[in-house]
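*Asks:* Sequence:
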Amino acid sequence: MKERLRQEVGNLKEQARLCSIIVDEMSISSKYIYDRKMDCFFGQQTAKENSGAAENTSNIMLANKVLCFVATGLSTAYRIPCGFFFMNRLSGKLLYHLTKEVTSEVEKCGMCVLRIVTDNHKINVTMMRHLGNGSLKPVVTQACCHSFM
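All you need for our numbering is the position in the sequence shown, starting with 1, plus 2.
Simulated from the structure, these hints should not be mistaken for laboratory data.
Among the hints, erroneous ones may be present.
[Said to hold, decoys possible] Simulated pairs of lysine-lysine, BS3-like, Cα-Cα distance not exceeding 25 Å:
#, residue 1, residue 2
1, K124, K67
2, K124, K95
3, K4, K110
4, K102, K124
5, K102, K4
6, K110, K124
7, K4, K67
8, K15, K39
9, K4, K15
10, K102, K67
11, K95, K15
12, K95, K39
[Stated by the list, open to error] Okay, the calculated beta carbon distance ranges per label pair:
#, residue 1, residue 2, range
13, F43, N135, 35 to 41 Å
14, F44, G12, 29 to 35 Å
15, G12, Y36, 20 to 26 Å
The structure presented is a predicted model; accordingly, all values stated were derived computationally and were not measured.
We put the beta carbon where it would ideally sit given N, CA and C, even for glycine.
Whole structure, please, built from the sequences with the hints as guidance.
*Replies:* In C-alpha cells:
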C-alpha cells in the first residue's frame, strides 16, 4: 500500500496532497482458510490490544470485522486505501494507536492529513477523545506539515 501511495503522491500537485483519512469498520464472515500457494493461513485477527503476548495456535482469534483506512483528497477527487486490519474486538485505545500509526505512515509518504472522518460509533468517539487528550472537541489539532497553511 505504501508503494501505491508514494506513486499517487508523485503524480499530485502540492495542494492536492491535502487529504482526509476515513476510518470505517465493516462486518465480515469468520473463516480460517489455508492458502497452499502462499503456505499460510488467513482469517485470524491482525491487530491486537496486547501484541506482546505469545501466540498459541489453540487460541487464535478469528476476525469478524475489517477496519479500513482510506485517504481521500480535499481539493482533488481521489480515494486511496492506506490501511486495513482484520479485527475481532476493537477498543477505542487500539483504534487510537492504529489511527496514529496509519496517519503517520501516510504523512511519511508525502500527504498532509488535515482531518480524520468517522461515524459516531462509541469506539470512534473514544478514539477522538484520546486524540483530544481526554476531551471531546469538534476540532483536534493535528501535527501536520504546516507548509500548506
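*Asks:* Now tell me if each hint is right for this structure.
*Replies:* Cross-check of the supplied hints:
The hinted pair formed by K124 and K67 meets the criterion: a straight-line CA distance of about 16 Å does not exceed 25 Å. Using a Cα cut-off of 25 Å, the hinted pair K124 and K95 holds, with the two alpha carbons roughly 12 Å apart. Annotation: proposed proximity of K4 to K110 holds, straight-line Cα distance about 9 Å (limit 25 Å). Among the hinted pairs, K102 with K124 is consistent with the structure: their alpha-carbon atoms are about 18 Å apart, no more than 25 Å.
Note on K102 and K4: the hinted pairing holds, with a Cα-Cα distance of about 16 Å set against a maximum of 25 Å. Taking the CA atoms of K110 and K124, the gap is about 29 Å. The hint is violated against a cut of 25 Å. About 23 Å separates the Cα atoms of K4 and K67, which keeps this hinted pair within 25 Å; it holds. With a CA separation close to 40 Å, the supplied pair K15 and K39 exceeds the 25 Å bound.
Using a Cα cut-off of 25 Å, the hinted pair K4 and K15 holds, with the two alpha carbons roughly 18 Å apart. Between K102 and K67, the direct Cα distance comes to roughly 20 Å. Compliance with the 25 Å bound is thereby established for this hinted pair. A distance of roughly 35 Å separates the Cα atoms of K95 and K15; the hinted pair therefore is violated under the 25 Å criterion. For the hint linking K95 to K39, the alpha-carbon distance of about 36 Å lies beyond 25 Å, and the restraint is violated.
A hinted range of 35 to 41 Å for the beta carbons of F43 and N135 is consistent with their spacing of about 39 Å. For F44 and G12, the Cβ-Cβ distance of about 31 Å falls inside the hinted range of 29 to 35 Å, so the restraint holds. Range check, G12 to Y36: Cβ separation about 38 Å, and the 20 to 26 Å hint is violated.
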